[in-house]
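Participant: Chain by chain, the residues:
2 protein chains.
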Amino acid sequence: MDRRIDPWGSEGVKDYDRLVKDFGIEPIQGMVKKVPDNLLFRRGAVFGHQDFGRIADSIKQKKDYVMLTGLMPSGKFHIGHKMLAEQMIYYQQNRGKVFICVADVEAYNMRKASLKDLRATAIEEYLTNYIALGLKPKGCDFYFQSSRSGDAGKANAYHRLAAMASRKTTTNEMKAIYGEVTPGKIMSVMHQVADILHPQLKEFGGERPVVVPVGVDQSPHIRFCRGIASRFTKSSEYDFIPPSATYHKFMKGLKGGKMSSSDPYSFIALTDSPKVAGEKIMKHAFSGGQGSVKEHRKKGGNPDIDVAYQMLYFGFEENDRKIKKIHDDYRSGKLLTGELKQILIEKMSKFLVSHQQKMEKARGKVGDFLG
Amino acid sequence: MDRRIDPWGSEGVKDYDRLVKDFGIEPIQGMVKKVPDNLLFRRGAVFGHQDFGRIADSIKQKKDYVMLTGLMPSGKFHIGHKMLAEQMIYYQQNRGKVFICVADVEAYNMRKASLKDLRATAIEEYLTNYIALGLKPKGCDFYFQSSRSGDAGKANAYHRLAAMASRKTTTNEMKAIYGEVTPGKIMSVMHQVADILHPQLKEFGGERPVVVPVGVDQSPHIRFCRGIASRFTKSSEYDFIPPSATYHKFMKGLKGGKMSSSDPYSFIALTDSPKVAGEKIMKHAFSGGQGSVKEHRKKGGNPDIDVAYQMLYFGFEENDRKIKKIHDDYRSGKLLTGELKQILIEKMSKFLVSHQQKMEKARGKVGDFLG
Numbered sequence: 004m005d006r007r008i009d010p011w012g013s014e015g016v017k018d019y020d021r022l023v024k025d026f027g028i029e030p031i032q033g034m035v036k037k038v039p040d041n042l043l044f045r046r047g048a049v050f051g052h053q054d055f056g057r058i059a060d061s062i063k064q065k066k067d068y069v070m071l072t073g074l075m076p077s078g079k080f081h082i083g084h085k086m087l088a089e090q091m092i093y094y095q096q097n098r099g100k101v102f103i104c105v106a107d108v109e110a111y112n113m114r115k116a117s118l119k120d121l122r123a124t125a126i127e128e129y130l131t132n133y134i135a136l137g138l139k140p141k142g143c144d145f146y147f148q149s150s151r152s153g154d155a156g157k158a159n160a161y162h163r164l165a166a167m168a169s170r171k172t173t174t175n176e177m178k179a180i181y182g183e184v185t186p187g188k189i190m191s192v193m194h195q196v197a198d199i200l201h202p203q204l205k206e207f208g209g210e211r212p213v214v215v216p217v218g219v220d221q222s223p224h225i226r227f228c229r230g231i232a233s234r235f236t237k238s239s240e241y242d243f244i245p246p247s248a249t250y251h252k253f254m255k256g257l258k259g260g261k262m263s264s265s266d267p268y269s270f271i272a273l274t275d276s277p278k279v280a281g282e283k284i285m286k287h288a289f290s291g292g293q294g295s296v297k298e299h300r301k302k303g304g305n306p307d308i309d310v311a312y313q314m315l316y317f318g319f320e321e322n323d324r325k326i327k328k329i330h331d332d333y334r335s336g337k338l339l340t341g342e343l344k345q346i347l348i349e350k351m352s353k354f355l356v357s358h359q360q361k362m363e364k365a366r367g368k369v370g371d372f373l374g
Numbered sequence: 004m005d006r007r008i009d010p011w012g013s014e015g016v017k018d019y020d021r022l023v024k025d026f027g028i029e030p031i032q033g034m035v036k037k038v039p040d041n042l043l044f045r046r047g048a049v050f051g052h053q054d055f056g057r058i059a060d061s062i063k064q065k066k067d068y069v070m071l072t073g074l075m076p077s078g079k080f081h082i083g084h085k086m087l088a089e090q091m092i093y094y095q096q097n098r099g100k101v102f103i104c105v106a107d108v109e110a111y112n113m114r115k116a117s118l119k120d121l122r123a124t125a126i127e128e129y130l131t132n133y134i135a136l137g138l139k140p141k142g143c144d145f146y147f148q149s150s151r152s153g154d155a156g157k158a159n160a161y162h163r164l165a166a167m168a169s170r171k172t173t174t175n176e177m178k179a180i181y182g183e184v185t186p187g188k189i190m191s192v193m194h195q196v197a198d199i200l201h202p203q204l205k206e207f208g209g210e211r212p213v214v215v216p217v218g219v220d221q222s223p224h225i226r227f228c229r230g231i232a233s234r235f236t237k238s239s240e241y242d243f244i245p246p247s248a249t250y251h252k253f254m255k256g257l258k259g260g261k262m263s264s265s266d267p268y269s270f271i272a273l274t275d276s277p278k279v280a281g282e283k284i285m286k287h288a289f290s291g292g293q294g295s296v297k298e299h300r301k302k303g304g305n306p307d308i309d310v311a312y313q314m315l316y317f318g319f320e321e322n323d324r325k326i327k328k329i330h331d332d333y334r335s336g337k338l339l340t341g342e343l344k345q346i347l348i349e350k351m352s353k354f355l356v357s358h359q360q361k362m363e364k365a366r367g368k369v370g371d372f373l374g
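These protein sequence lines map, in sequence, to chains A and Z.
Residue 78 in this note's numbering is what sits at position 75 of the first sequence, and the numbering runs on without skipping anything.
Residue 324 in this note's numbering is what sits at position 321 of the second sequence, and the numbering runs on without skipping anything.
No lab work stands behind these hints: they were computed from the structure.
No experiment lies behind these values; they were computed from the predicted model shown.
There may be inaccurate statements among the hints.
Each pair may be met inside one copy or between any two copies, as identical chains are not told apart.
What the hints assert, rightly or not - Result set (DSBU-like, lysine-lysine): computed pairs, CA atoms no more than 30 Å apart in a straight line:
{"no.": "1", "residue 1": "Lys-24", "residue 2": "Lys-328"}
{"no.": "2", "residue 1": "Lys-100", "residue 2": "Lys-157"}
{"no.": "3", "residue 1": "Lys-36", "residue 2": "Lys-325"}
{"no.": "4", "residue 1": "Lys-205", "residue 2": "Lys-63"}
{"no.": "5", "residue 1": "Lys-237", "residue 2": "Lys-115"}
Kindly generate the complete structure, drawing on both the sequences and the hints.
Facilitator: Structure below.
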């Protein structure tokens, strides 16, 4: 049986429960009340985890822990990216150290981009938006794989780990996880392993719990990385606590499929004007409503497949009572598709205006994050 | 046809001329008079080259150039290693910058050694002997792959080059050169590429000729590295002058085969006492003499296969007139095997006594080479 997961062709994952069962990912429900309140956990955008108990304990006991995430700089920063940024900021507000890795080696090797362009996109699109969304420089280590910040000792410790990790795997193991492997891919994967494990090196703060929030397509990589961590620990070369992970759903694209950088009508960028965003929602957002008002009033809409509803549910309507009312009214047919979209458009416009003002200020703060 | 060269099983290379012809290596003869006098060139221990004209010109015109060599720390430093050390020192005395790379990532990945042990062997065996043989700290960059010396900018520039090189090759190209490839092997090879090319990065002195003295078994790697250099240059990511190489013969082991770390009677270590060295030569050195004195006087000996003669020829008898007399006398039968060995033993003893005194002093100078 092929144990690889690559379900993001165009359909998305339909059956999260099966993935939880087949891949040893535990449901998040048991954790929701153990950590400070958090919309994405509460509403199941984050639906599963591995060893998250260690992180919940660290938060509760005010102990040192790390959240690490990576970004592959490409295209516009959109509301899908925002959902991950909100997780970073949640951990930072709850005393976690935040490591943000710009996977420029991976992007260079796998997407044939230039390091210079990648660097510009990472800073101008991603970092600036993170800052506007609330990321603070204190306790944040924003770095590029190709130029690890800090002194030479730190840079070398990071790269040495990437090099040593290659002894802890085989071509067969990598093929089982990644399919056909090339030298560029192997180099990229070894950097990813170093990214996830290096916050536990003494040069970067030492042994401590690390959580990596990922989409479920990254589950094999987390398993691979946990395996390498345990092989190092067994050989006494390093002591690593196996990294924890949380698994999140992806926000659907406007048209119901994936958000795609190459199709601006599949997403709302955080730099879209409220007018453009409104038009995208009104004209393009996939609806769970019926073909006519009459039919909608009679049969009701389906919020589960309605993209405007999903966007409200996963962040734009924070009030649980209000979102339930929207859900029920749409389901019953009381709320029409146009009305539902209008609710999102108002929330979205308000957010975009405010966010774009913050972006102006954020540009001046970028330097605080770059060593 | 299999274009790989791996002729070091137990036989050694018998036909250097064929290798020169098949692998585009040019004979060194044309270069001997273009550079300051040098026993190893003059006597053909260094027998071939690629693009060495650039180095000869740099020496003549007093322009900046680099000699880079790598070492895989293992076992005792012996008279085979001495021959390469003499090349380093020759270039340093002729105004070349000397980069010495301790291939600890490669040794870790391919030989399963610990980085700590590798480091100790590299310093205590190799570096200390280099110093005793005449290596100076000025203009010498002695470094470990796993911890590139200098600041973070330098460390990153080196590792970034290793990572980027992986995009410039394919699994097929690597298999053609290295046979079966593993993640550890790929990582090692990418570090080797960075070793050879990084002296031309702006962080390390910028574009300039680099010569790598290697055994002929390394010829495919030089070709691979020159290919990657030209692909980078074509893409305008880096400007590299294709690295030059010289090719040297290996000094035969005492028994006529290879010098092997696992068999102390196959080599003379530079830490062997004169007594031990003398016994090794007298009892174990493979002889080109005849079975009896009578037969030897009649038929003469064969210096070409006589290990004691080879050792005199490739360094222990520097005087061309004297070595010719030894050769002719041995060939004619005038000089007996025991007498020939005695000449080497005397030269060797004198060298070892003097060298071991220098080693004592050299230990105190190690720090000057370690950033």
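Participant: Would you mind marking each hint as holding or not holding in the structure?
Facilitator: Each hint, compared with the structure:
Neither within a single protomer nor between protomers do Lys-24 and Lys-328 lie at most 30 Å apart by alpha-carbon distance, with minima of 32 Å and 84 Å respectively. Taking identical chains as interchangeable, the C-alpha atoms of Lys-100 and Lys-157 lie at most 30 Å apart whether they share a chain (17 Å) or sit on different chains (27 Å). Taking identical chains as interchangeable, the C-alpha atoms of Lys-36 and Lys-325 lie at most 30 Å apart only when both belong to the same chain, with a minimum of 21 Å there against 90 Å between chains. Taking the shortest Cα distances, Lys-205 and Lys-63 sit within 30 Å of each other inside one copy (24 Å), while across copies they are farther apart (49 Å).
Taking the shortest alpha-carbon separations for Lys-237 and Lys-115, only the inter-copy value of 15 Å comes in at or below 30 Å, while the best intra-copy value is 37 Å.
Hint 1 from the list above is the single one not met by this structure.
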